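Trainee: Chain by chain, the residues:
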Amino acid sequence: MISLQKVTKKYKGTPRPALDQVSLEIDKGEFVFLVGSSGSGKSSLMRLMLREDVPNSGSVHVLGENLVGLPARRVPFFRRKLGVVFQDFRLLPNKTVSENVAFSLQVIGKSEGFIQQAVPDVLGMVGLGEKADRLPNELSGGEQQRVALARAIVNKPAILLADEPTGNLDPTTSEGIMSLLNSINLAGTTVVMATHDFSIVDRMKKRVVELSHGQVVRDQVSGGYGVKGQA
Amino acid sequence: MRLGFMLSEVGQGLKRNLAMVVSIILVTFISLTFVGTASLLQLQIGQMKNYWYERAQVAVYLCTEVSPEAACPRGAATEEVKAEVKQRLESTTLAPFIEEYYFEDQQQAFANFQEQFAGNAVAQYVKPEQLNETFWVNLYDPNQSPILTESFTGLSGVEEVRDQRSYLDQIFTILNTASLVAISIASLMLVSSVLLISTTIRLSAFSRRRELGIMRLVGASNFSIQLPFILEGVVAALIGSVLAGLTVLVLIQFFVQGFLAESLPFTSFVGLSDGMLVVPLLIAAGVLLAAVASGLAIRRYLKI
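Residue numbers (the numbering used here), protein chains in the order written: chain B, 1 to 231; chain C, 232 to 535.
None of these hints come from the bench; they were simulated from the model.
On a predicted model such as this, the values are computed, not experimentally measured, just so you know.
Glycine residues also receive a C-beta, built at the ideal position from the N, C-alpha and C atoms.
Hints are supplied without guarantee of correctness; some may be wrong.
[Claimed, not checked] If you anchor each label on the Cβ, the simulated ranges turn out as follows:
{"no.": "1", "chain 1": "B", "residue 1": "PHE198", "chain 2": "C", "residue 2": "THR430", "range": "46 to 52 Å"}
{"no.": "2", "chain 1": "B", "residue 1": "HIS61", "chain 2": "C", "residue 2": "LEU257", "range": "49 to 55 Å"}
{"no.": "3", "chain 1": "B", "residue 1": "SER37", "chain 2": "C", "residue 2": "PHE454", "range": "36 to 42 Å"}
{"no.": "4", "chain 1": "B", "residue 1": "SER183", "chain 2": "C", "residue 2": "LYS246", "range": "36 to 42 Å"}
{"no.": "5", "chain 1": "B", "residue 1": "SER183", "chain 2": "C", "residue 2": "PHE454", "range": "48 to 54 Å"}
{"no.": "6", "chain 1": "B", "residue 1": "ASN94", "chain 2": "C", "residue 2": "SER415", "range": "41 to 47 Å"}
Please model the entire structure based on the sequences and the hints provided.
Mentor: Dropping the structure here:
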């Protein structure tokens, strides 16, 4: 599903590579936490999987596509098979909840009929059926992240990439988002989540990949945030 | 991306940058009006050249009592000179080139002069003796005037052989320069409108960078991301060039045909049919420029 082989990524002007010979396999239906301190390479890894960047060496395969050799004009079509959420939600402030979700379908040319059916369905699934006509600034942070999640999964992606989705949320709200991510995962979507929130990682007991200085220092099935034993 | 959705995006973009859009409209409007007027002026010059060159005559001016010493050492032309000129015009060498000729004596010249300069002070001072007796010659081919110049220059009693086209050429040079000046001003303005369009499109893209980021994340194709911006520039330029086209047509209808044609009844002027030729070209040029300018601007802004 996702396969990285000896991936090295250097940024100009920094002597140390952001990713150093990273190899990683993620299978269909897995739920994987990417953990590590700031600057450990989590974000670089996420960017590579989303084909926002290409590595200096090594290979990246996602959903059967070789992302290193993927021509730029095919990138949009690759991204349609992925869902992404971020810490800052990235909603359009002048569009309502349902318009925000519909927008992602409109720009990839889905029919109006499909949109009218899919948007209420997915909003119901994330628990926002009642608030479809609200604007983002009328919602709480947790609700905004639910909108972002709804937008990410409305096109039924095989993989959901979540970059610190609970970073701006309080623990109770985070728990709601995590249970939503869990149910998305149970429905068959592979979830890769980068996070700093150790309480979540410890509680979920999922696979944990820890990065430090651009290298994978731990890859543990049903692990905790910290080193084994200390968690 | 669906057409209706895309058009609503274009509409939003135009509304958001209203001031810039208005300036694009105005700049393309004015510059294309210049281009249109200049090209009509060129057409007009062409038409007038055809018309007047065909009617241009060659004048063989005979000496008068007041002619300059250098050209006419023997004073006013005698009857023999007139007979000599007439004979040469009818000779087998010249006759084949000449469509017709007529002689204008001093009284006729005076009458014509009075008519031409009516109301001008010079008409009161001039006397018939001061005006040249003239043979007016129409050639089959006005380009062959040098034949006449050669045969009569130097003939004693002939002051000067003058092709009227030399006067016309001066007028046409002035008109031509005017239209070239108009075209250079217009091309400067077209450059500024291209720059204005690309700035506006970049501004528009900047104010929508959030949307653009999301569009890229969810996998909108590059083409569908860029197209609304290109259309935005094209729509603004289209409005400007249609306005320019209408202005050109109004100028032809009311100024050229309505005013000029009535005050100068014997000149043929450009008409609406010429305008119909120029206006579509104007609009096409405006739209093409805008498409290229905004396409390049957005391509450089949006490296995917």
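Trainee: None of the hints should be skipped; say for each whether it holds.
Mentor: Verification of the supplied hints:
At roughly 49 Å, the beta-carbon separation of B:PHE198 and C:THR430 lies within the given 46 to 52 Å, and the hint holds. Between B:HIS61 and C:LEU257 the C-beta distance comes to about 54 Å, which sits within the given range of 49 to 55 Å. Hint check: B:SER37 to C:PHE454, Cβ distance near 41 Å, so the stated range 36 to 42 Å holds. Remark: the range hint 36 to 42 Å for B:SER183 to C:LYS246 is upheld by a beta-carbon distance near 41 Å.
Here the CB-CB span from B:SER183 to C:PHE454 is close to 36 Å, at odds with the stated 48 to 54 Å. Taking the beta carbon of each, B:ASN94 and C:SER415 are about 45 Å apart, inside 41 to 47 Å as hinted.
Checked against the numbered hints above, the structure violates only hint 5.
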